[in-house]
Structures are given as C-alpha cells and as structure tokens.
Amino acid sequence: MSVRSELALISEWIHPGTRVLDLGCGEGQLLRYLRDTRDVIGYGLEIAPENIVSCVEKDIPVIQTNLDEGLKDFDPLSFDYVVMTQTLQAVRYPEHLLNEMLRVGREGIVTFSNLGHWRSRLRLALSGRMPVSGDPALDWYNSPNIHLCTVRDFEALCEDTGIRILERTFIDNAHRKHGLARVFPNLLGEVALYRFERA
Amino acid sequence: MPEQFPADSVGLVTPKTLHFDQPLELDCGRVLPEYDLVYETYGELNADASNAILVAHALSGDHHAAGYHSPDDRKPGWWDASIGPGKPLDTNRFFIVCSNNLGGCRGSTGPVSPNPETGALYGADFPMVTVPDWVRSQARLADALGIDQWAAVVGGSLGGMQALQWAIDFPERTRHCVVIAAAPKLSAQNIAFNEVARQAILRDPEFHEGRYSEYGVTPERGLALARMLGHITYLSEDALRAKFGRELREGKINFNYDVEFEVESYLRYQAETFVRHFDANTYLLMTKALDYFDPAANYDDNLAAALKHVTASFLILSFTSDWRFPSSRSREIVRALQDGNKRVTYSEIVAPQGHDSFLMPIPVYRDLLQAYMNRVAQEANV
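Going down the list, the sequences are from chains P and L. Using my numbering, read the first sequence as starting at 1 and increasing by one per residue. Using my numbering, read the second sequence as starting at 1 and increasing by one per residue.
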C-alpha cells in the first residue's frame, strides 16, 4: 500500500487552515504533510515512544495517549477533523472511538485495510488461515490488529451508530484509485478511506 | 586536570555571584532590599544571545547543575545526566544558566545570609518566597546577563513549576518551556507530606523558632526526618524493592531499634548526608513555595485561562512510577494548553525510579529530550 497516495487522498478532504487531531499519528507523516500542504494546525496522539521522538524531530506536536482510554482530555467539537489512519483495527473499542471522534471533531476521517479484499478471501478460502493485515511477520495471535473489518462491516457499523458517510474512496493493490474498486469496493479495494459526520 | 572528567562532562566549573541593589517586592508583601544570586553557566552565549537556557532547580537542588567544583568531587552537579557536550542540553550549542533560588542555602540570599538591616543572619526572619518571586529574581539575572529571551526554560519538579511560571509571567521571554515531573499545583496529599516534613523540623527541640544558629545548634533530627520522608516519596515502591527488598544488614533480625533492614540504613545515610549541607529554614521555605504554587488561583482555578497568553512551545514529561507528581498531574497542564491551542508535546516515560526519574539517564527520556532540544537549537540557529 502506498502511504503517500493515502496521505494525498486524505489531504484532498481537508480544508486549508483547519484544526486536525490525528489519532495514532505514528511518525507524524500525515500531520507534516497537512502542515506543509494545507497549513493545518493540530496534534497527533500516539502511544509508542519511538514514534513520539520522530514527531518531535518533525516539529509535530504530539501527545502520548492510549486511544483505548478514549479522548476524554478533549472538549466537544474542538477540532474540524479527527483523523485515524490504519489504526481502527488496533483499538480495543472501535465503536466507542468512532463516537469519540465525532464528539471531539466536526468530521471524522478513517482509513483501514479492507479484509474483504479478494486476496484475503482467497487466503481464507484456500488455506483456511486467517487473513493478516499489516506486517506479514505477524500472525493472528501477536498482531496488534485485533479488530480487522471489511468495507461492508464498517458501513454497517456506521449505519448502526448513527454515522453519516460523506465520502469514501478505495485504493487497489496497484496503489491507485481503482475504477472497478468503486463498483466492487469490498472485493477490489485494498485500503478504504471514509469521511463521515454525525447523522 | 580535565582529562579526569568524562568527555561529555562540562568539567571544572566555578560558581559566580551577582549582587542586586534594586529591592525585590515579594508576594508575601515584604521587600528584599538587596540580594545575591549565585549561579553557574555552561557553554558560551552567542552573539545575538539566542541560545540561552535557564535550568531551574527543585526543592533540595542548587545552582550546581553540571560538572565538578574540584577534581576530588565524587559526584557531578545534580543534572549532569542531561547537561554537557553532546547531551540533551548540549553545551556545544547552548549557554546554560542555573541559579540558586532566593531563600536557598548555597550562596543566594536566604536564611543563612546576613540581614543587611540587622547584621545578624536572617534565620527565621527570611521572608516567605514564592515561585513567581523566584521567576522575577531570575528575570533580573537574565537582564544582567544580556538575555532578552530564553531559548528554553527547563526544570523538573519544583523546577518545572518555575518553568511554567516563566511562560505565564514572561511570555515574550520564554521561547520554549520544558516541564518535567511537575504539577500545576500540589494535591492535598502533597501538602500533607510537606506538612509532616515541616512538623518534624518545627517540633525539633533545637529548632528554637528558627533561630537555632543563635544557639549554636541545628535541628538535625527534624531535618533528617523531613528528608527521610521526602526521600520515600521521591522513590517508587518498585525502586525500593529492587534496591533493598527486605535485605537484613546482619542476615538476621535482632529485636531492637538499630538498623536491621538495609532500607533503614539507606534512609539514615541519606538523612545524615543531607543535614550536613542543608539548612532547616530553607527546607521550610521551599516546601511552602511548593504548597503555594497555583498559577490558576488568580483565574478562577482555570488553568487554561492562566495560560491564555503564553506563547512558548511546551514539552511536558512525566514518569510512570512517579506517585508524588503522577502523570495525571502533567496531563492537567497538557489539557489546559490544548484548550488554548498552544503548541505542546507530552510523553509519559516508562521508568521504575519514581519521581527522581527526572534526574536519571534513562535512554528513552534522554532521546526525547535530545530530539526536542535539537529543535530548540535549530530555532536558535545554533
């Protein structure tokens, strides 16, 4: 998956000069990209100390946070966007966190690896083994990814929790927005990107 | 003989003293007509004075933050882990200033200094000083050194509170603010511990209402108790267990009140060395300055309002095993800064050493401080 194309797609959804909270900001690439291309201000939330050092090196304000404890230190609607890239699958309470995102921000943006992708289906069908997401060296029992989902799973959750999807896009395994992935996202979309608000 | 010192040490250092004739009005309403500040500096001030860092010390600290006073010194200054060539507070890039707080007992005007109005030692007559008083006195030191704006004000514990106060009282003079293992104000439990420490001193028969020097004695027993109590709160249970466990000095219990457990021996040793070089009146004053610290008090207890006009960028650090100023206290500061859209980075360092972690060479702590201070240096063009 191309990190750069994902960042570019997210930044197209973000208005210049806005306030962004990035959940699980990693080494701060997205916030740096948004700062440099969209003039946004914001904070990253991150749990890993080595990632926090990387953020400091990039001059990205970062607050060490365990997302499983929610966003209790943030006031309602204190951000224009709350973004969470490739992190939803690693949190303990995805539903709670999505609600928290829309308590703290006007809009939420989420990206995740779609486990409905045909290759995951093929792996399960042919080998009978769980599909894996992220680091291929990790197995189902030691992966931080404890809540893998498909495009259809995510949209069902949004429906159930009163979240309105404003925009969605999919990246196929050739790292492009894929024509056919638009038609069959759950089969051909490798990475799913959603922008949403409270319905 | 500098070759005796480690390569990343600032080596031999000599304290300097500045005398201030301009009276200093204190928060308690009294005035210090004149005073001395003793301080040390490490590194060189650059031409545009953009690379100066103020390091503020904690309760029992002093101006000797790094290096050695003599080749025979067994230990370097209290924050030698972080100050020196190539260290996070890199003396090849920064000009670092650390002064002994007013009311201290290591050379700045305090209870063991002569009162110019009487000629006798101040003793118990030395006025109560507060964190904002210290910051005002440090600002005059900055003026005297030709420093308009600190590249950063840095401190741990009570030193972190001074750093925070700097950002509030002198926003235009504080470019970065590094607050380590601190709190926006003391909790009732913190004050309670301080009060027990004070009572130990105040109830020592040799305290003589603070005028013990006139009697040629020192309230050593009270001060020792105060230090023992404080010391326990600076360490974590894990640290004590790892260091001493229930080790017995003689391998068996003796059914008496002499030192039996190693931890008792350690506490007594800490207390004995402390009372030899620390003044009881200073200890009382420092604990009161801690208790009174509460920058939000003038803003309806709204810390975000107190921080409204700060312009500094912040690094806030806490340690997992610090139960004196736990991470939740640091997060109060972080939250107030977030509320005001201030630039803030926060990290909770995993460390077993308790409150004293801030003094230790902990790799992840050092890496983060180093990364942050690199940014500070880049902004200062050094």
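Source of the hints: derived by calculation from the structure; they are not laboratory data. A portion of the hints provided could be inaccurate.
Negatives, chain L to chain P, calculated, CB over 12 Å [claimed, not checked]:
# : residue
1 : R30
2 : Y269
3 : I316
4 : E332
5 : L337
6 : E379
Simulated restraints on C-beta separations [claimed, not checked]:
#  : chain 1 : residue 1 : chain 2 : residue 2 : range
7  : P       : Y141      : L       : S70       : 56 to 62 Å
8  : P       : H96       : L       : H277      : 29 to 35 Å
9  : P       : D135      : L       : N381      : 24 to 30 Å
10 : L       : E379      : P       : T161      : 41 to 47 Å
11 : P       : Y141      : L       : F255      : 33 to 39 Å
12 : L       : S328      : P       : L126      : 47 to 53 Å
13 : L       : L229      : P       : P144      : 41 to 47 Å
14 : L       : S265      : P       : D135      : 37 to 43 Å
15 : L       : L202      : P       : H147      : 38 to 44 Å
16 : P       : A48       : L       : P85       : 56 to 62 Å
A quick note: this is a predicted structure, and the numbers were derived from the prediction, not measured. Even glycine gets a Cβ: it sits at the ideal position worked out from N, Cα and C.
Hints and how they fare:
1. R30: holds (40 Å)
2. Y269: It holds; Y269 of chain L is separated from chain P by about 34 Å at its closest Cβ, greater than 12 Å.
3. I316: violated (9 Å)
4. E332: violated (9 Å)
5. L337: The assertion about L337 of chain L is violated, with a minimum of 9 Å to chain P.
6. E379: Given that some Cβ of chain P is not farther than 12 Å from that of E379 of chain L, nearest at about 9 Å, it is violated.
7. P:Y141 x L:S70: 56 to 62 Å: Holds, at about 59 Å.
8. P:H96 x L:H277: 29 to 35 Å: violated (54 Å)
9. P:D135 x L:N381: 24 to 30 Å: The hinted range 24 to 30 Å is violated for D135 of chain P and N381 of chain L, with Cβ atoms some 40 Å apart.
10. L:E379 x P:T161: 41 to 47 Å: With a Cβ separation near 44 Å, E379 of chain L and T161 of chain P satisfy 41 to 47 Å, so the hint holds.
11. P:Y141 x L:F255: 33 to 39 Å: Check failed, 54 Å falls outside 33 to 39 Å.
12. L:S328 x P:L126: 47 to 53 Å: Given a distance of about 50 Å, which is inside 47 to 53 Å, the answer is holds.
13. L:L229 x P:P144: 41 to 47 Å: At roughly 43 Å between Cβ atoms, P144 of chain P and L229 of chain L fall inside 41 to 47 Å, so the hint holds.
14. L:S265 x P:D135: 37 to 43 Å: violated (50 Å)
15. L:L202 x P:H147: 38 to 44 Å: violated (58 Å)
16. P:A48 x L:P85: 56 to 62 Å: violated (30 Å)
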